[in-house]
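Novice: Chain A is fixed; fit chains B, C and D onto it per the hints.
Protein chains in written order, with my numbering: chain A, 880 to 1345; chain B, 58 to 411; chain C, 15 to 241; chain D, 7 to 256.
Hints in this document: simulated from the structure, not taken from any laboratory. Treat the hints with caution; some may be incorrect.
Claimed, not checked - Example chain D residues on the side facing chain C (calculated, C-beta under 7 Å, incomplete):
#, residue
1, H10
2, D29
3, V33
4, I41
5, Y45
6, D48
What the hints assert, rightly or not - Derived EDC-like pairs (lysine to aspartate or glutamate); straight-line CA-CA distance at most 20 Å:
#, chain 1, residue 1, chain 2, residue 2
7, B, K287, D, D52
8, A, K1324, C, D58
9, A, K1107, C, D166
10, D, K127, B, D267
11, B, K409, B, D151
12, D, K127, B, E235
13, C, K162, A, D1074
14, C, K100, A, E1325
15, C, K207, A, E1051
16, B, K277, D, D128
17, A, K1263, A, D1287
18, D, K102, D, E145
19, A, K1317, C, D225
20, D, K12, C, E63
21, A, K1109, A, D1287
22, B, K253, D, D50
23, D, K107, C, D58
24, B, K281, D, D128
25, B, K316, D, D50
26, B, K316, D, D18
27, A, K1263, D, D32
28, B, K253, D, D52
29, C, K100, B, E275
30, D, K127, B, D276
31, A, K1316, C, E164
32, B, K109, B, E235
33, B, K109, B, E254
34, B, K316, D, D128
35, C, K172, A, E1321
36, A, K1263, D, D29
37, A, K1110, C, E164
38, C, K168, A, D950
39, B, K109, B, E285
40, A, K1107, C, E226
Ideal Cβ placement from N, Cα and C applies to all residues, glycine included.
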Amino acid sequence: MNPTDNTPGNHNANGDGATKPGFHNTDGQGIAGHGSFFQETNLSREEAVKATDWVRKHVDRRTVDLGDRMDDIREHMWELEREGEIIVHRITDAHKPMTVRTLFGWEKKIPTNQLWHHKSCGQCGNIPGYPTSLLWTMNQLGMQPGRDYLDETDQTSCTAWNYHGSGIGNVESLAAVFLRNFHQAYISGKQHGFDAGHFFPLVHCGTSFGNYKEIRKYLIESAELREKVKKILGKLGRLVDGKLVIPEEIVHYSEWVHVMRNRIASELQKIDVSNIRVTAHVACHYYKMVHEDAVYDADVLGGNRTAIITSVAQALGAQVIDYSTWYDCCGFGFRHIISEREFTRSFTMDRKIRVAREEANADVMLANDTGCVTTMDKNQWIGKTHEQNFQVPIMADIQFAALACGADPFKIVQLQWHASPCEDLVEKMGISWSETKKRFQEYLKEVEQGNIEYLYNPELAYGGAQ
Amino acid sequence: MQGDASDTVLVVGAGPAGLSAAASIAAAGFRPVVVEKEDVLGGAPILSGYAKLVPSGEWAKDAIGRMVARVEQDASTTVFKGTKVTGFEGEPGDFTATLSNGEHVKAGAAILATGFTHFDSINKPEWGFGTYEDVLTTTQMEQMVAGGKIFCPSDGRVPERVAILLCVGSRDRQIGREWCSKICCTVSTNLAMEIKELSPTTDVFIYYMDIRTFGLYEDKFYWKSQEEFKTKFVKARIAEVTTSGDGRLLVKGEDTLVKRPIVIPFDIVVHAIGMDPNEDNPEISKVFGVGLEKHGFIDRAEFYTSTCGTTRRGVFAAGSCYAPETIDDSISQGHAAAARAIAELHALARKKAG
Amino acid sequence: MANYAEMQQIFDDIRSDFRYDHELNGCLNCGVCTATCPSAHFYDYSPREIVQLLWTENVEQIYDAMQEKIWACAQCMTCAARCPFKNSPGGLVAIMREVAIARGLQSAKDVLRPFGRVMLKLITTGNQLSPDMIQPDHFPDWGPNIQKVEGDLKVLRKAIPVKTLQTVDTAWEVSLKTSVEMYTIWEMTGVLKSLEMMDENLFDVIEDFIDEKKEDYEDWLEEQDED
Amino acid sequence: MAIHEKSLIDADRIMEHDSLVVDGVDVSGHWNTMIKPRYIADYDDDFEKIIQSYGGGENVHRCWQCGSCTNSCTMYAVNTDFNPRYWIYLTRLGLKDEIIKDKDIIWQCVSCNKCTNICPKDVRPEGVMKALAHWLEDEGHTEVKPSHLFDEEFWEQVERTGRIEDAHVIMGFFKKTKQPLIQEWLTAFTTRMIKHLPFAHLFRMGMNFVFTPRTRSWGRTGKVLREFVEQQEAEARERRQQARQAKEAA
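If we strip away everything but chain A, and leave its shape as in the complex, we get:
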């Protein structure tokens, strides 16, 4: 990637343009060495960077001993399986897993094949370009619908939006929904001529991801809860050998994007995006709920922040720009986005959009969750009613990746559903918005005639390969 002033850990990495505006009292001194050897020198920036490298070399990575100090829920899960309490839906070699590291340095397997798409209830109704871009990318990588992935109608929302918004629902209902959906994923292979466990769930939504992990933890910790939901799952016929099926890992789609980023960039990328300034907004429920399970990579942001989103943007060659409210929530707030939008819009404008615009001068803000994209995308326009006319295109990381790989901004990336100025980004990437829009409008006429092109059609998937 091209280091930029504001890229974390990359402050002074290049000579040109490294002078940051707004510094006061600058007297041009760098550092040489450390300890009592601190001296005044006139080092060049590059030399200064070298001299301060010791900071990074001297410190041990986070992986050293945190892992031993913290309790890994997965170990308890294996124990429960040994005791015959549960069945663990395993990630096998057939899933072609890639190994990543998480916050405490634990390893996590990310399946890259034979995936069961678990869609997001906000995404699909609101920003459909999110799942379509994902499916499109999978197809482009040569994955075969129905064999390498599945998109079923037999799934429900995780229902956590409602729970976090209203408090209606409870741990039992959340747990039953979780186990029902994941049981379906487990057995779905059978209808297509495969074994149970063939397809492994790939969760599209940040909140579902966080919620499922939390619920899994409760299930593993509480025998009472397991007992209660077992009754329900039994009634639904969703036990295997009388046991609950719990997945080895809960996997978020953006983790799949993370592990596939180099293949996406090397095999599929068609558009140079090195002139694009990207800001990343990682969903709170991705990396703050059960945070020990979020992906951290020593090569991305020094392993100091979750690698998700930044890693794919960097792999594609875009500039990732740091900004002061990186850690902030988007302002979604569950019930707030529906019934208390005054808060949502005020927060997202003040803590996200304004900062991305003014501080980072971003061409696009990438997110990895439905709620975040909706919040930041839809609530920009209203800012102009109070002299906050800040605008930044908002989309999911996979939508941006698909665009860079030549996907149609309308037909595939479905940007027509976004309210933020995605036109600007598309144009900057060298794609004509108006021409593709015209083509899409012609396609709409075809659609009216019933001539629809599919990335995937579940009926075709039955019985195996398409």
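Specialist: Relative to chain A, chains B, C and D alone:
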């Protein structure tokens, strides 16, 4: 084979505790064998380049340097540098230690003065260390003070404001550090004064949950830094450190007295890093057959009648290998451990003599 | 206004939740939770205060907080990720909200009335935000640019190249069997009961809908048998 | 959908146009409501110095927030918003906006000095209250209240004569506040006084009212006092000015 078990005490580690233990043993007419894994003696104050020590105000290299000289110049003391103990067998009064250089040492007792490891701030990534060059640790800031000039590592400018964040790597269950590191409050107030002394235009803010400058450190450090050096104390634990558009750092917290979130610009942020158990403790525990308490420090068998004891008879301990400890208390403990070891050798000799 | 015994009851409900001890370990008033709380940036709301009230068992003020404050929480859970005590203030708020509903507090009813559409969608369809919910008159604040291509919603949805997404009144197509399984979960876990407590009208609508779907499913099963 | 938790938002942080059409969309009322954030974005580093330049504020930087002042405070006992510890904290960090919010109660300090007596670090909170009240006055944050005018009249008389004459103070106060000089309560009060006081006493009061005696050998004392006060004020102004300039230069 070196040493005579009846009058030799093995001292592991040559920091303040180990050096004081060795000095006491030699002064009592016994023979200390000091084994230090690093190539220099002096322990953390020397290895990490501390500036002026609490409470004396003496430079570390002078103060600890005297301790080193006292041990190195003593004829009855044997010192192994760059060496570790890899095996330790036998009974009280008759131990044999195997060293990493292949030598064997016979000793009647052993004192573990193996110290601690500085908390690694990279484990608290949301506080910006490793991401922003102007986020430093107290040891780095001490080094800067030792160098005689306060400036931002990123571009050398003189900081208008420095924030010191307390409890980094202490009192934090999220990262498995449930203990108070005891020294950071005092060290930080001392550092605040040193910064102001070197850079009078710099304002220092300390973000705290509690200020624990126990004993006589209250007025000499806490009050003095506040009243004479105008350090400001803000009751808040910082949540995140990021950077603003103009390159200054932003600390995000809640001012719990005003009861509002704060986002305040700073030029340097200093992590008052805590004390972890020595990262070698699992190895030390195995080699010496001593137990560790739940956080990973060396465990004590009994508090009241076995001062400086461990869970193995004949093996004593002193200083920050037990728990976060100050330099002067570590030194006292070193002497105490020496007394325990010598008493043990005397008792065994009397018993042998019948 | 509840009397003291009722308030004590409410607090007992909160602390008897099995998550309570996991999510409240202690509190040193450090303020990290409030520092990172999006709601605290705009409302006079403080997760630290909520934790303190629970920690000090201040039942009157807990009750008071349940009237209004707990609904300000955005449930982003940043507080939980940051708390040096490993408390989860957001998780505690979730428990308090559940109790507010179980006890039928008026505040909960008032807050949730405008949220009813989302609940209705969720309970009946198993997914929440459907395309037909995003009508301009419901979202004038999202501006005129809510959609960049004019056209009939049905056609626009058909132009999404994934079959399961070509729906208008649900986010994706859900099989009848799945819906009925979900209704069973609602019934068995008391979700429908709390809905009835919160909003009787909404409950009636949902009940009718569920009955209808169940009948459809029975019919479908019979058809399968006949085939 | 109005904001449900409206009581959790200060009214002055709510922005709303009653009637507004933008880009052809009617977003009147709550459709355009936005809230200003409430987080604190910076400190005023020099404010403490300014308060220290007022008499009484010199030791404010010593405070460590133990709360003894507030706990012992006479006013706090009747009004928990009266919190010296809190204002001292705000002063130290320069959170002026927060202080200004309390401008109408800071001056209520009754100068009992219990706080100053109990303070373990000799901050002299009573003095800080005075300094803050003066600062608020200097910056024009406090309106001139009748009590101010009363103080003024009181001081003017002392300056002239070295003592006060109740009737003159009341009359002067009435004039300054544009109140009628003859008031019902005053008439009743005087009538009753005449009825019950011994004649000699009344006679002396009458003579004093007419001839206004001065304290013996008062001489130029009043003038000297005034000059001293003015000099003190000028010096304080100068110090504040310097503090401000230093800040601007930085």
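Novice: Which hints from the list above does the structure break, by number from lowest to highest?
Specialist: 6, 8, 9, 12, 13, 14, 17, 19, 21, 29, 32, 34, 37, 38 and 40
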